[in-house]
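Sequence order for the protein chains is V and X.
For the first sequence, our numbering gives the first residue as 19, with consecutive numbering after it.
For the second sequence, our numbering gives the first residue as 7, with consecutive numbering after it.
I should point out that these hints are in silico values taken from the structure, not numbers from a laboratory.
These figures come from a predicted structure and were not determined experimentally.
The beta-carbon is built from N, C-alpha and C at its ideal position, and this holds for glycine as well.
Careful: at least some of the hints might be erroneous.
What the hints assert, rightly or not - Pairwise CB distance ranges, derived in the manner of DEER restraints:
id: 1; chain 1: V; residue 1: R82; chain 2: X; residue 2: L234; range: 51 to 57 Å
id: 2; chain 1: V; residue 1: A84; chain 2: X; residue 2: N173; range: 20 to 26 Å
id: 3; chain 1: X; residue 1: G197; chain 2: V; residue 2: N85; range: 56 to 62 Å
id: 4; chain 1: V; residue 1: E179; chain 2: X; residue 2: N70; range: 48 to 54 Å
id: 5; chain 1: X; residue 1: H248; chain 2: V; residue 2: D323; range: 45 to 51 Å
id: 6; chain 1: V; residue 1: N232; chain 2: X; residue 2: K252; range: 45 to 51 Å
id: 7; chain 1: X; residue 1: S230; chain 2: V; residue 2: S162; range: 23 to 29 Å
id: 8; chain 1: X; residue 1: N140; chain 2: V; residue 2: D320; range: 34 to 40 Å
Said to hold, decoys possible - With a straight-line Cα cutoff of 30 Å, these simulated DSSO-like cross-link-like pairs (lysine-lysine) come out:
id: 9; chain 1: V; residue 1: K207; chain 2: X; residue 2: K222
id: 10; chain 1: V; residue 1: K33; chain 2: V; residue 2: K77
id: 11; chain 1: V; residue 1: K154; chain 2: X; residue 2: K8
id: 12; chain 1: X; residue 1: K8; chain 2: X; residue 2: K225
id: 13; chain 1: V; residue 1: K207; chain 2: V; residue 2: K45
id: 14; chain 1: V; residue 1: K311; chain 2: X; residue 2: K222
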Amino acid sequence: MSILIYAESVDEKFKKVAFELASYAKKVAESLGTTVTAVTVNAGNVSELSKYGVDKILKVTDDRLANFSAKAYADVIKQAAQQECSKIILLSSSTDSLYLAPIVTVGLEAGFASNVVGLPLSTHPFQLKRNAFSNKAFIITEVSTDIKVISLAKNSYGVFEQEAVSTVEDFEPNLNDADFNVKVVSLEKATGKVTIADADIVVSAGRGLKGPENWGMIEELATVMGAATACSKPVSDLGWRPHSEHVGQTGKPVATNLYIAVGISGAIQHIAGINSSKVKVVINSDPEAPFFKVADYGVVGDAFDIIPRLTQKLREFKAQNA
Amino acid sequence: MKILVCISHVPDTTSKINFINADSEFDTNGVQFVINPNDEFGLTRAIWFQEQQGANITVVNVGNADAEATLRKALAIGANEAIRINASPLDGFFVAKQLAEVAKNGNYDLIICGKESLDYNGGMVPGMLASLLNYNFVNSCTELSIEGNVAKAAREIDGGKEIITANLPLVSGGQKGLVEEKDLRIPNMRGIMTARTKVLTVLEPVVADANTMTIKFEKPIAKSAVKLVAADNLDELINLLHNEAKVI
Chain V
19 MSILIYAESV
29 DEKFKKVAFE
39 LASYAKKVAE
49 SLGTTVTAVT
59 VNAGNVSELS
69 KYGVDKILKV
79 TDDRLANFSA
89 KAYADVIKQA
99 AQQECSKIIL
109 LSSSTDSLYL
119 APIVTVGLEA
129 GFASNVVGLP
139 LSTHPFQLKR
149 NAFSNKAFII
159 TEVSTDIKVI
169 SLAKNSYGVF
179 EQEAVSTVED
189 FEPNLNDADF
199 NVKVVSLEKA
209 TGKVTIADAD
219 IVVSAGRGLK
229 GPENWGMIEE
239 LATVMGAATA
249 CSKPVSDLGW
259 RPHSEHVGQT
269 GKPVATNLYI
279 AVGISGAIQH
289 IAGINSSKVK
299 VVINSDPEAP
309 FFKVADYGVV
319 GDAFDIIPRL
329 TQKLREFKAQ
339 NA
Chain X
7 MKILVCISHV
17 PDTTSKINFI
27 NADSEFDTNG
37 VQFVINPNDE
47 FGLTRAIWFQ
57 EQQGANITVV
67 NVGNADAEAT
77 LRKALAIGAN
87 EAIRINASPL
97 DGFFVAKQLA
107 EVAKNGNYDL
117 IICGKESLDY
127 NGGMVPGMLA
137 SLLNYNFVNS
147 CTELSIEGNV
157 AKAAREIDGG
167 KEIITANLPL
177 VSGGQKGLVE
187 EKDLRIPNMR
197 GIMTARTKVL
207 TVLEPVVADA
217 NTMTIKFEKP
227 IAKSAVKLVA
237 ADNLDELINL
247 LHNEAKVI
């Protein structure tokens with residue numbers, strides 16, 4: 019009956035979402051009077067999960083799973099859920115987890131709620147609040163099946179430490195050739211750069227920057243803040259920045275702690291994509307820019323004047339608070 | 007090659023989102039409906055296959071009669087025929103079950119879906135459909151080409167992309183990148199005229215249970231007004247971010 023989470027890792031290290039998921043699972047488990055089991059795939063130091071309340075760890079170490087395969091990973095999670103008789107399976111909203119979630123759902127004849135924000139509103143019946151309409155509204159969804167698969171929206175709950183004594187068991191899933199029918203040929207990954215998906219802070223810029231040659235100051239600000247860089251749709255359409263940086267309704271969603279928008283007017287589609295971010299700072303020369311309506315903090319002024327000064331001040335701030 | 011393109015009929019991206027009947031129903035008043043953008047990228051890629059490699063494209067929607075305008079638009083863009091499953095899309099699983107039935111009967115080589123719809127954002131239909139059919143599946147697909155019986159695709163991953171290959175039949179959950187925005191097509195007059203005579207079949211749904219149900223909708227709480235900081239007082243901005251918002 020234990021709640022099962024899939025604790026994702028990259029290069030043997032847990033992603034932050036794994037800890038958020040564990041924290042969330044612990045809270046739900048307490049309200050249901052049960053425990054939390056985590057399944058890990060080729061992770062290194064799995065005992066790290068005990069800090070976030072995980073009671074039992076099913077550790078999978080398997081070379082066949084070195085590359086992500088949605089079907090194979092879904093099989094791992096499904097078999098772990100079956101062994102633990104789990105009725106609730108919790109997943110993150112990472113690209114990989116969203117890829118495998120529907121496969122796990124069908125495999126377990128479960129019901130699936132994605133983009134869940136916050137704890138269940140009630141457990142009998144099982145009702146959850148979810149993001150929908152590109153963050154312009156919420157849906158209260160009831161999952162009526164015996165087994166429930168839930169994917170938690172990133173950064174919607176937070177990470178909370180709660181020490182537990184975890185037991186670790188090796189888990190050997192039963193995989194077959196069909197699990198690997200989709201074959202990874204190659205992988206292109208930016209190294210050493212903070213990705214939009216993992217970043218706590220995103221610095222984003224728009225057409226107000228006038229041209230791609232002016233992005234140096236945005237990158238510098240991002241480096242000082244340990245942030246990822248992003249851009250508005252027109253900027254990626256113009257080819258000033260790569261498509262992978264386009265955030266918004268038809269680009270990447272951003273749900274970060276701090277989102278800084280420089281020279282972006284705030285089209286409704288852009289705001290829809292970034293609205294789950296906790297704190298929004300808008301820097302724009304036009305005081306009428308619609309983005310100010312949804313911002314927490316705003317500075318009206320010329321980015322070319324403000325950004326270098328802000329970067330310098332943050333550098334000093336970081337040095338003092340290091 | 008036979009391609010099935012699954013089309014969601016969704017509010018335009020600029021729509022105001024409001025609810026009626028004690029927040030139990032989406033207010034369609036004054037809302038313009040469009041082909042779900044992620045599906046439109048996929049449809050346009052399908053048209054490319056049709057023109058370059060020879061393919062027959064069926065578009066399918068699970069929805070009520072008002073979705074037919076959206077299917078007609080897909081026909082005007084160049085799809086060969088359309089199917090509407092005459093049912094309200096209760097939840098992702100219900101929709102996947104209906105699509106699986108169409109897919110089984112049609113023997114498609116390639117099933118193209120958008121990775122998520124712009125209204126419910128569930129992102130579950132493509133994966134459920136692939137699982138129900140036991141077909142290969144690629145999600146967050148940004149490039150797709152077919153040679154013989156093999157698909158080569160790019161999948162967006164956090165911080166990069168992955169190139170995969172898989173045999174057909176394949177289900178793809180696609181997004182921008184399959185084609186670029188500038189390649190999207192606006193139906194021309196000839197397309198609109200031809201679309202009127204293309205076959206649009208209405209099928210009754212198969213029996214399927216929804217696994218989830220919508221209890222009600224909520225709108226986000228209105229935000230408090232922005233705190234403006236003077237451009238010559240950036241220390242105050244840093245102070246607010248550090249001490250008030252606690253994000254740096």
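Quick rundown of the hints versus the structure:
1. V:R82 <-> X:L234: 51 to 57 Å: 56 Å Cβ-Cβ, so the 51 to 57 Å window holds.
2. V:A84 <-> X:N173: 20 to 26 Å: Once the Cβ atoms are compared, 22 Å apart, the range 20 to 26 Å for N173 (chain X) and A84 (chain V) holds.
3. X:G197 <-> V:N85: 56 to 62 Å: 42 Å, violated
4. V:E179 <-> X:N70: 48 to 54 Å: 49 Å, holds
5. X:H248 <-> V:D323: 45 to 51 Å: 22 Å, violated
6. V:N232 <-> X:K252: 45 to 51 Å: Violated, at about 31 Å.
7. X:S230 <-> V:S162: 23 to 29 Å: 37 Å, violated
8. X:N140 <-> V:D320: 34 to 40 Å: 58 Å, violated
9. V:K207 <-> X:K222: Not OK: K207 (chain V) and K222 (chain X) at ~41 Å, beyond 30 Å, violated.
10. V:K33 <-> V:K77: With a Cα-Cα distance of about 16 Å, the restraint between K33 (chain V) and K77 (chain V) holds, given a limit of 30 Å.
11. V:K154 <-> X:K8: Violated: K154 (chain V) and K8 (chain X) sit about 37 Å apart, past 30 Å.
12. X:K8 <-> X:K225: 42 Å, violated
13. V:K207 <-> V:K45: 35 Å, violated
14. V:K311 <-> X:K222: 27 Å, holds
Violated hints for the displayed structure, listed by number in ascending order: 3, 5, 6, 7, 8, 9, 11, 12, 13.
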